[in-house]
Each structure stands twice: as C-alpha cells, then as structure tokens.
Amino acid sequence: MDFETLSADLRSLQDRALKEISAAADPEALEQLQIQYLGKKGELTGVLRGIGALPAEDRPRVGAVANVIGEAVKGALASRVSELHSVVQARRLAAEKVDVTMPGRPIARGTLHPIPETIEAIVSVFGQFGFVVYEGPEVENDLTNFQMLNIAPDHPARDLWDTLYVDIPGHLLRTHTSPGQIRVMETEKPPIRALLPGRCCRYEAVDASHGFEFFQVEGLMVDEGTSLADLKGLLDEFAHALFGPRKTRFRPGYYPFTEPSVAFDVECVVCGGIGCPACSKSGWMTILGAGMVHPVVLQYGGIDPEKYQGFAFGMGVERIANLRHSVPDLRYYLENDLRFLEQFR
Amino acid sequence: MRVPLSWLRDYVDIQQTPEQLAERLTLLGMEVKGIDRWGAAWQKVVVGEILTVADHPRADRLHLTTINIGEGEPLHIVCGASNIAPGQRVPVALPGAVLPGDRRIERTEKMGIASEGMLCSGDELNITSDAEGILILPSDTKLGVQLSDLYGDVVLDVDVKPNRGDALCLMGLAREVAAATGAAIRWPEITIEEAGESVESLLRVDVREPGLCPRFVGRWVGGAKIGPSPDWVQMRLQAAGMRPVSNVVDASNYVMLELGKPTHTFNGAAVQGRTIVVRLAQPGERLETLDHVERQLTPDTLIIADTSGPIGIAGVMGGAHSEITDDTTEIAIESAVFDAVSVRRTGHRYALRSEASLRFEKGQETRLARIGADRVAQLTQAWSGGTIAVGRIDTAPVEPEPTRLTFRPVRVGMLLGAPIATSEQRELLSRVGIETESAPAGSRIQVAVEPRPLVVDAGTDEVLTAIVPTWRRDLSIEADITEEVARIRGYETTPAHLPDTLMPAYRHPPTKARNAMRETLAGAGLTEVVTHALIDPADEAKLEWPDDDGLSMAEPVAGRTINVTNPLSAQHSILRRHLAASLVDVLALNERQGRESVAIFEIGKGYGRSGDLATEWNRLGILLAGDATPHSWTQPARPFDIYDAKGVVELLCRRLGLPEPSYSPDDRGYPFHPGRALTAQARSDKESLGGRIAELHPDVLEKWDLRVQRVIVAELSISGLASGDLDRVRVEPMPRFPEVDRDLAIIVDEARPAAEVAESIGRHGGSLLRRVALFDLYRGAPLAASEKSLAYRLVFGADDRTLTESEIDGAMAQVRAGVEADIGARIRS
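Chains as they are written, first to last, in this note's numbering: chain B, 612 to 956; chain E, 21 to 849.
Since the hints were made in silico from the structure, they are not lab data.
Owing to the predicted nature of the structure, the values given are computational and were not obtained by experimental measurement.
Please note that a few of the clues may not be correct.
Claimed, not checked - Sample of chain B residues with no beta-carbon within 12 Å of chain E, all distances over it, derived: (1) E694; (2) R702; (3) R716; (4) P802; (5) T859; (6) L945.
Said to hold, decoys possible - Heads up, incomplete: computed chain E residues facing chain B, CB under 10 Å, no partners named: (7) L25; (8) L28; (9) E39; (10) A42; (11) L436; (12) A468; (13) A558; (14) D559; (15) L671; (16) P802; (17) L803.
As the list claims (entries may be wrong) - To be clear about the criterion: a stretch of chain B counts as covered by chain E if any three or more of its residues have a C-beta under 8 Å from a C-beta of chain E, and this derived list gives those stretches: (18) 618-631; (19) 638-644; (20) 733-742; (21) 746-752; (22) 866-878; (23) 910-916; (24) 946-954.
Just so it is clear, CB atoms sit at the ideal spot from N, CA and C, and this is done for glycine as well.
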C-alpha cells in the first residue's frame, strides 16, 4: 500500500459517498450512509486503518486528505439532511391538505331578546345624562297607580287605562310605569333623574298593535327650575341616538299626572317625513308621552311644587323596538318564535 | 269624533286645506287621527232627471224609467221604488258604478227588460237611512254632476282628550279652529216661536236629587209629525257617524253633535201624570231601555221617572216605552245636567255607554242645558212641525259666572323653560276666549286643587287674573294656564337645551348582574325569551313545579297564587309562580314550527300573595331540548342532557364569582325524571344561587304533546338578579412554585354518587391539595358489572416551595387510605 493508492481509494470513497448521499431518499437512508462511511466501523475508518502500512512521512499527508474527505462527507450529509427535511415536510404538508371551502365547525351562540335589549338601549342613552335605573312592583296598588297620579277613582281619563285587577284588595296590575314616579320621589330627594323600565298590563284585546302585557320605560327628573326645555333637549338627544338625526317636535298631549302634557314626535322613520301609510301620511311618528309633573303628583311624592319642578316621560318599549327593527306585529315579542328571536344576532 | 268639514264651516270660516287644518288642530292638542273622504265610495254615480215612468209589463212592483243624465241618449232603467215621478232629480248609478260596501252596478236585465244602471236610495249610498224610496234631490240640482262632487265631504277624525269634553262637538272644535286661525266664531241662530199653552201646564218636573241633577230644563213641542229628517240633516248625521232615526230624534242628536249637549226627547203622551221625576231607582224597579234590553235597576241609579215608574236612565239611555214612534205628536224635551261621576258609574254598572253618557261623564257646562233645550225645540219644530209651548221649565235658572283664576306669568315661563312676555301671554289666552286682568301683588295662587290642594302667596311676582269661559271646565290651576299659553303659542317654539343642574349621586343599575348573566348565557348558546307573566292556571297545574322546599333562596317563593279578577281569557288569568311552564310552552310553539332543538332562557318574575301583600321574586329559567351539538360534517349530533344544564349553571357560577355549586339528587318523580333531577346550591359572601335542574318526566312531555324525547329545565334564584352589582374580582398571586398533577382511579359501586368520592378526596387531600377534577369514567372489563371507575386528577402545590416526591406520595397515600375507608372504594393501579 502506498500513498498514491490510498489517496485514490479515499477519493473514490468520497466520490461514491457523495453520490450516494445525494441519491439518499429519506433521513433513514442518510443515517445508514453516515454509519456506513463515518461510523466507528465505517469505510473511511476502514481505509484509515491501512495508514499504519505507510511510511511515516506519508502518514500526515494521508491524514490531511482523510480529514478533508471526512469533512466533505459530513458536510454533504448535513446539507442533504436539511434538503431532505424540507422534502419530507413538503410531502407531509401536501398530504395534510384539507378542503378549506368546507364550512367551519359550528359554535352555538344564543341571541338576546329585543325587549330587554331595547330597554338597555334606552337606558344607556339617558344614563349618559345622569339618569339612574329603579324598578317598581308590577302588582301595584290603586292608590299609587292612579290616585296619587291625580286620577281619581271616577276620573273619565281612567278609560285611557283599561285595568286588570287582582284578588288582593286595592291591587291591580300596573297599567303603566308611572307609579314609579311616586315610588322614586318617596325615597329620593331632588336632584332626581330616574328611569323605570318594566312590564305593564292592560285589559286590552290582542292584535298587531295591542297587547295586554307590554313594557314601558318611565323617566323622571325633578330639580329647581327643571323645565319643558330641558325635556325637549334630552328627548332630542334620545331620538338622535336611537333613530339617527331627524326632526322632532312637541305637540299637546293629555295625561292627568302632567301639566302641561306633550306628545313627542319624530320625523317618520319609514318615509323621512314625506308622509306614508306607516305615519298615517302625517310625516311624524309619536315616540312617547311626557309633560311637567303635576303639582298634585309632586306633593304626593313629598316634594314642594313651589320649590321644585320636574318632567316625566313614558314610552312603550315595543313601539321603539318596532321602529328600530321594522317589526310588523307586536305579538312577535311575547310569542318567542325562534325564527323571530334569532334575527337579533 | 267625526267632524264633517262642510258642517264645521257653518260655525267658522276655513281657508286651509283639510291637511293644513288637520295639522293645525293636531298641534293645538286636537289630534286628527285620520282624514276621511266622505263620498269616495260613490263612483260613477251622477245626477239624473226622470223623464218617464211606466209600469213593467211582467212585474207589478217594477217600473220602467227613462233618465236624462244631461248628455247622450236617455237611459232605460228598471226601478222598484214607488216614490218616483217624472221631473224628479235622482242619483243614478251608471253601469260600472261602485256603491258603499263595494257593491258594483252593471247593465242587467230585470224580468226580461234591460236596465242601464240603477236609481239609488239614500241607504244604498249610505247618505240617509231611507232604504224604501229613491233619494230625491233638490230640483235645481245640476244634471250629470258626479254625486261625490255634490255631496262629497271631508271628515276629520279628531281624538278629543278626556279633559276636553267641551270640544266633543262642532262648536267646540270651531272654537279651536278659531284659536288656530284667528277666524271668528258664528253661533247658530237660535230663535224660538212659542205659542199656545205654557209648558208648566203640560209638564211638571220634580228633581229629588239636585246634587246628581243640578239643572233640568224642559220644553214641550205639541202637534209634531214624525217622519224622516230633511236629507241634508241625515247626510250630516251619517257623515258624522250617527244613524238618522226620525226628525225628532235627529234633532236631539244634531244638537248633541253641534253643541255637545246631550238631550232626550220623550213621547209626551207616554209620560204618565205628565210628570218627570228625577230620583234614585227603588229596589226592584225595572226598565226596558231603548236598545230593548230589560234592565233590573239598582238603587244607586239615577233615573228619570214618571208617576208610574222609570222612563229612562239619567244621562245614559231612555226607556223603550216612552220612545218617539211614528204616531207620537207630543214631545217632551229633557235638557239636563247630571253628575259626571254618577253617569260614569251608572254606565259601567249596566255596561252601557252611549254618545250621551260619554259627554255627561266629562262634565257639562250648566249654561248649555238652557241653550240645548231651546235648540232642540227649534229644530224639532223646523223639521217636524208642531208648536213650541210657551216657556221652559228650569230647576236652576241662575247660570254660574266664569271662574277667575290667578296666575304668575313668570311661572309660566319657568315651567316652559323660556320667559314669555306678559303681553304675549294675555294675547295668546284671549284667542281661546280667556280674558285677563291685572291682579294685586300678593294675590293667592292656586297651585293645586283636590285631592292635594295647595294655595300660595304670590309674593312680589306679577299676578294676572284669568277669566275662564264657562265651557272650559278643565282649567283650575296655574299650570293649566301655562298649558294654554304653551299650546296656543305652539309647542314647536319650545327651546331645547340639556339640563345644567346637579346630577344625582351614583347608583348601581339593578340590571348590571342580570345583563352579565344574559350575555354569558347567550354566549353559551342559549337564546333569551320573554314570556307572559299572566298564564293559564291549567298550565301551572299541569306542570306542578315544586315550590322551593328546603332550598335556601335569595328570594323565596311566597304565598298563594294571585288571580286576575277580570281576566281577558282563562289562558291569561293568573300570575305565574314559576317560569318553567312558560318555557315549555315556548318549546311547544317552536316544535309546531318545525324546530327540533331549543335552548332558551328567561329572566323573569314569579308572583304570590301572602295575606293582602303581593310579593314578586326574580328567577332564571333555562330549557334545553333536542340536540346540544347539531349533526354536522365534523361531528355527530349529541342530545342535551342534564349535564349540559349543569355546565351552564357552573359557567354562571364562575361568571358571578360563586364557588362550584353543590348538588343533591331529587328523586321525587313527577314532574321530574326521578333519576335525573337535582337541586343546586352555591354561596359566597355576597352572592347566592339555588334551584333545581331536572330532566322532565315523560308524562310532562306527553301532556304538552311534545315530539322531543327529553327536555331539561332549570329554575334558579340568583341574588344578583335583583340586587344588581357584581362581586369584584380579587386577583390571587400566581403560583411561584410549580404544581404537580397526580391521577387516581377509584373503583366504586355503580350507585355511588361521584360527588361523594370527590368530597372524600378533598377531605383527605391535606393542605397541599389544590384542586380535584373528574376526568374519566370507565365501565367494563376487568371491572364487575356493578362497578364503575372514576378517574380524578389531583393538583398539589405549595406557596413557599417546590413539593418533593415524598410529600406528594404521602398526600396521595392519605387520599387512598381515606377514600378506601370512607366509601370502601378500591384504588385502581
């Protein structure tokens, strides 16, 4: 064995190794090649074993060649490993391809009922102006529901509130949220800014625009000098918040517990004021009733009408919801057909 | 109230279009609800002249006529009426015409003879009540004119508020029009030609209840001839929505619509003893009213009687016996003022409300009793002939002066939010007939009247006295004057600004916790419902949801069921105590719509009475039925079971800061599945939750005719539902030392509740055990058939150190020993 032969062997080993490495198809084959060429019992080691047969002066030269070849094989293995990794990964990813056009995994989400949601919408507007929420009983007494609101037992205006009575003497199902005015005034002193949402009942046959159970939100503000102009300012903000910028107006109304009494109209949300069947061609839609709290009512609430003035308003929640969501029939609300409710996403 | 504009023009000039007038009235507080085109129902009905009338050759009752409609060849029309004659002008419905009730007129053949249209009766046109004869028009009526051009009218539908009884008539609305437009009012000319006997010799009036009948004015018309009113009167009444009856009755109704004064006309000959007594009914007295209903009169009913008994219910309805009939000649006219409350109560008592009683209920101007009697007498004579007897009977001839009401102009401005000059206020008030004069400083001001009167000293403020017209019975306090100023000035002039006064103190919205729960539940896939508080007692009886025995609830169920005493229907006649039945109803409704899966919740109230006290409590109701996860390409369907409901409740507990609820089985059976019902309770310092979670008994599903196999219902009392605020989150420091998991499989008897095993683990886990969670349930080999294996993950940790293996091993050994001792469980290794 001489230096030249050994070098030639080493070079052909390198050629073969590099060829085989570049031909290796998977990481397992590379591992085999690593063992085959570089392992303890590998070919390179085998070739180097023959080094002892060389003259001493040739040995370092062969060692140097062997090192270069060893490094070359190692380098080839490493680069082939990374090459093969991408190939393998690409193959895996290709195999993992899914039909991304299939629909997503369904996640159940319920919807919230438009009545409480509308109440929340109303409350949040007035909340910005310092109004706080109170709640009164639904089984009310006649005194608070009527008499303390300046509606005597034989008042002709009682026809405005057809009443459902219960088998507790002197009690009824509140016909409006207005008795809450008395209840708030009894516990709070001015300045008062109160909202009273809740369920009300009337003796009323059911049709598309009437129900015997419905919801109202009452508002009450009492302070020194609180005026109709304050009410107008607030209601304008309210209308803009819920229905967008549109014209509003006050016109005279009638309630025994306010004096003066007004109705608050908003430019028709359907036709924008031109006149259409929805607004009876008037161009206006009545949103709520309101007025300055009657001195009799203030006194029943323990408030001196000479010192304090206040306004109250009351609105039908269904009415507001109808206009906001184009609901054609009041019966939808308490019927709870999911085909209706699920539209309130 | 229906207001024909042609009639209203008798009393006030109107320059505006109907739409403009409607707008003005609405802005003045007389809301116009609709504008009705009277006569719009007549199409192709024209005025024609009868040229010839001949007998029909084959039918006795029919006539052959030729009609000139002013153009073209005369029309040949077959007519069945007997009041026709050549030269008359009549309404002719041409072929293609449409009459009220959508009746279409075509060219026809009647008994073999062609008819090119129809001659119309007043009834067919809905213009008079005469159905027998053809409507004969005035002889100078222009031929060929469309009837709608001739008699068409615009009728405003005005919503007169209950406090404005004075405006429930044409005269009253004419005053409002005048206030709006500045036009002058024209009163009808009321002139009486009296003759013959004096009324006192013909009629005696004895008012025994002057408190309930403060004024009674009587007049008498003798020798009248009953018949139909003139056509123009009938047309006006029809347009105003009132059915013409006869000339005398129409006169009374006409005056009611014209002046707002209800009157009554009796057949004078039927008034026994020629005496009218106004008194309370006596026990046992009966009266057949004009609607031909025999009524038993109660002793608190104010009646009109003669010497033999009742002849009318005062202010509400007359009696049939003294009704004006075709052969009546003597007319007794009653024009009285009755107590508003008495009339209202009487109307309610007999469930009898009339146009008259509606007006009496709102109060009557005293003066109108006299004017109304005169006007009815005048029109009765004009339309039915006869003689008006001399004089009138009047039980209270002194008419009250206008009331005087002091007010402070500065207060008017204060209430409205902008000062209004005194001179402007005076001018505005004068437009509705309220004259004003200066009052001395320091005058007394009526701030409020009954039931809480308040009179104050005006101090240094300027004071005016308003002289309130007698018809304005609604004006009694200072704020009333404010309203008059505001409405005549126009509310559109109200300035708008935001309040700049102090805000009230902060207060938690009572809905805060409720809304957190609603959002959480919706996020968990449940849809919110809002159902009726009024339910069918049968529903509650059908379900038998238990009252909350043994549960400590934030707001316990209290007392007995509250019943509605005047329900609209049995379906809504009690106040519910539980939400459960309502939720099952919602499920049933949606099943009928083809829905197979329903997951809903409601936050609502229950109601009960204890003695004379009403109690209300808040509840969360949950109902799950059908599939928890619908079948999709990713997963098979899985039906709801009680563990879904428990999962929802546990989620809520986490949201509310409550500990994991404790559960105990409820095996009562109906309405629950005896093996699938439980009570749940959780409590923290501030919050509590308690209630039931159950699969409903199959019999319940059957009673509701449900298709679905299983229904899970929960009803919970949660403190936050009523109280509002949510407990604040307090953060625990994150563990500085790692926690260690150990799993433990425990074999127990099938019947052993898992909760007991978990509780036992907790009891023996020592201070290092932080959490225990069940993660697997196994049945089958190598276990015995009666056994199950529960696998728990135990998490250990300490705040001050990393635990050593031996510490954890020690704790686990204690747990194993403890569980084995407690429940005789075997530990699977």
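For each hint given before, does the structure comply? Return the numbers of the non-compliant ones in rising order. 3, 4, 5, 6, 7, 8, 13, 14, 15, 16, 17, 18, 19
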